[in-house]
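Protein sequence lines correspond, in order, to chains A and B.
With the working numbering applied, the first sequence corresponds to residues 58 to 152, in that order.
With the working numbering applied, the second sequence corresponds to residues 521 to 840, in that order.
If you are wondering where the hints come from, they were derived from the structure by calculation, not from laboratory data.
Quick caveat, the model's predicted, so the values are computed rather than measured.
Treat the hints loosely; a few may be bogus.
Per label pair, the in silico range of CB-to-CB distance [said to hold, decoys possible]:
1. B:735 x A:79: 30 to 38 Å
2. A:143 x B:731: 49 to 57 Å
3. B:731 x A:127: 31 to 39 Å
4. A:115 x B:553: 16 to 24 Å
5. B:735 x A:150: 49 to 57 Å
6. B:780 x A:77: 48 to 56 Å
7. B:689 x A:124: 40 to 48 Å
8. B:549 x A:115: 21 to 29 Å
9. A:143 x B:724: 52 to 60 Å
10. A:127 x B:539: 23 to 31 Å
11. B:835 x A:93: 19 to 27 Å
In the BS3-like style, the derived pairs of lysine-lysine whose C-alpha atoms are separated by at most 25 Å in a straight line are [to be verified]:
12. B:554 x B:702
13. A:73 x B:678
14. A:79 x B:545
15. B:771 x B:723
16. B:723 x B:678
17. B:836 x B:626
18. B:628 x B:702
19. B:702 x B:585
20. B:678 x A:79
Not close to chain B: a few residues of chain A, all C-beta gaps over 10 Å, as computed [to be verified]:
21. 102
22. 110
23. 139
Think of the CB as a built atom: it goes at the ideal place given N, C-alpha and C, for glycine as much as any other residue.
One-letter residues, chain by chain:
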Amino acid sequence: MNQAEWPLWEVFIRSKQGLDHKHVGSLHAADATMAIQNARDVYTRRMEGVSIWVVESVHVHASNPDDSAAFFDPANDKVYRHPTFYEVPDSIKHM
Amino acid sequence: METVEINLEEQFQARIDADVRIEPKDWMPDAYRKTLIRQISQHAHSELVGMLPEGNWITRAPSLKRKSILLAKVQDEAGHGLYLYSAAETLGASRDQMLADLHSGKAKYSSIFNYPTLSWADMGCVGWLVDGAAILNQVPLCRTSYGPYARAMVRVCKEESFHQRQGFEIMQTLCEGTPVQKEMAQEALNRWWWPTLMMFGPKDADSPNTAQSMNWRIKRFTNDELRQKFVDMMVPQAEFLGLTVPDPNVKWNQTKNGYDFGEVDWEEFWNVVKGNGMCNKDRLGARIKAHEEGAWVREAALAHAAKRKQREQQEKSAAA
Ligand SMILES: [Fe+2]
Ligand SMILES: [Fe+2]
Ligand SMILES: [Fe+2]
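Go ahead and model the full structure; you've got the sequences and the hints to work with.
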């Protein structure tokens, strides 16, 4: 009963050629080959994908939501990074 | 220390009230985490055990087409179980522990799967009624406050609608068939109607956790609200099939713009929940047997993966 659990893998799927891979969920598998096969069986039964990436969950490092205020704040006060910050005279076209 | 805790709780509730999704690494009250783990794992267990009553008919489906459809449906349910277990794991629950709790009887699953599937018409009723009830439960859960759970439910709901339709089609085919076939359909409806009404859980008055779950937006409708929706949806569908719902108290009520209906046998409900239903022992027995007989496969896969890794490393160092 107490044998080791298969490692956890995060699954990313490209739904269509030209689009990026998107996280769809996770699953357990003994190794990468099996993770990809299982991902095909669980996440693409209805042609949801044309390509699969799997990454062992322990290798995913994430930003800390507790720090998100300090971490993402610097982007908040730089409105001049957006085109809408600039006023374009009405008579100017194609800008 | 105390005030910090209160502040976090207040902030958390404010996010919930603003319909902001909670994600795995966000701070959450312990009780929220526990409630979710219990609800999500119970749901996962239901998907898993739910394969058994239908698996029972795969080899006896009346045609190759029906067999393929049933196989695809049962495979979907396995997938649903997996999506849900994964969602629970993001909260810190371990897969092995969840399965161990199911097998020891500590964890519950939907009582509906403790009823037997006696005839082919039961495959119709399971899809039409049981999956129908599941859909009503699950559609609002696509907006539940915990992100991974909501996303799993979106996936599940996309797949469920075929389940209900194939069940309805089985019923319709039987109802348009010979008198004996129609009788079989009616007899199955008679057996499944009340147990499906029980799927929505105890009456609101007897469901003390509902208020908190609604407050946390884990649940979006109460048990009684969903049960009423289900009856309103199903009575006309039964009429379309030419079948009679086995409840003499079903009657259209203009004032509430819904059907009145009779009282569920709650004694039966609690009895099945406690483990004394017709198939509780069977279902759990079959589940444990499958798990134990599959142990060598899980071990072999790990051993194989380790061996392959070792071989790759050897090849790499040989080449270097
Ligand atoms: Fe399902
Ligand atoms: Fe379900
Ligand atoms: Fe289903």
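Hints and how they fare:
Range check, residue 735 of chain B to residue 79 of chain A: Cβ separation about 32 Å, and the 30 to 38 Å hint holds. Range check, residue 143 of chain A to residue 731 of chain B: Cβ separation about 51 Å, and the 49 to 57 Å hint holds. A beta carbon spacing of about 36 Å between residue 731 of chain B and residue 127 of chain A agrees with the range 31 to 39 Å that was offered as a hint. A C-beta distance of roughly 21 Å is found between residue 115 of chain A and residue 553 of chain B, which places it inside the suggested range of 16 to 24 Å.
Separation of residue 735 of chain B from residue 150 of chain A is about 54 Å and conforms to the stated range, judged on CB atoms against 49 to 57 Å. Against the hinted window of 48 to 56 Å, the Cβ-Cβ separation of residue 780 of chain B and residue 77 of chain A comes to about 53 Å, which satisfies the hint. Restraint check, residue 689 of chain B to residue 124 of chain A: a C-beta distance of roughly 53 Å breaks the suggested window 40 to 48 Å. Residue 549 of chain B and residue 115 of chain A have their C-beta atoms about 27 Å apart, which keeps the hinted 21 to 29 Å range intact.
Judged by the Cβ atoms, the range 52 to 60 Å given for residue 143 of chain A and residue 724 of chain B holds: they are separated by roughly 56 Å. Taken as a hint, the range 23 to 31 Å holds for the pair residue 127 of chain A and residue 539 of chain B, whose Cβ atoms sit roughly 25 Å apart. About 21 Å separates the C-beta atoms of residue 835 of chain B and residue 93 of chain A, a value consistent with the hinted range of 19 to 27 Å. For the hint pairing residue 554 of chain B with residue 702 of chain B, the CA-to-CA distance comes to about 46 Å; that exceeds 25 Å, so the pair is violated.
A distance of roughly 18 Å separates the Cα atoms of residue 73 of chain A and residue 678 of chain B; the hinted pair therefore holds under the 25 Å criterion. Our distance criterion of 25 Å between C-alpha atoms is met by residue 79 of chain A and residue 545 of chain B, whose separation comes to about 19 Å. Under the criterion of a C-alpha separation no larger than 25 Å, the hint pairing residue 771 of chain B with residue 723 of chain B is consistent with the structure, at around 20 Å. The hinted pair formed by residue 723 of chain B and residue 678 of chain B fails the criterion: a straight-line CA distance of about 29 Å is larger than 25 Å.
Pair hint residue 836 of chain B plus residue 626 of chain B does not hold up; C-alpha atoms about 48 Å apart against a cutoff of 25 Å. Between residue 628 of chain B and residue 702 of chain B the CA atoms are separated by roughly 35 Å; this puts the pair beyond 25 Å, and the hint is violated. Distance hint between residue 702 of chain B and residue 585 of chain B is fulfilled; the C-alpha atoms sit about 21 Å from each other, no more than 25 Å. Of the pairs offered as hints, the one joining residue 678 of chain B and residue 79 of chain A holds, with about 18 Å between alpha carbons and a cut-off of 25 Å not exceeded.
Not every CB of chain B is more than 10 Å from the CB of residue 102 of chain A (nearest about 7 Å), against its label as outside the interface. Taking the minimum C-beta to C-beta distance to chain B, about 16 Å, the non-interface status of residue 110 of chain A holds against the 10 Å cut. Residue-level check passed: residue 139 of chain A sits 23 Å from the nearest beta carbon of chain B, beyond 10 Å.
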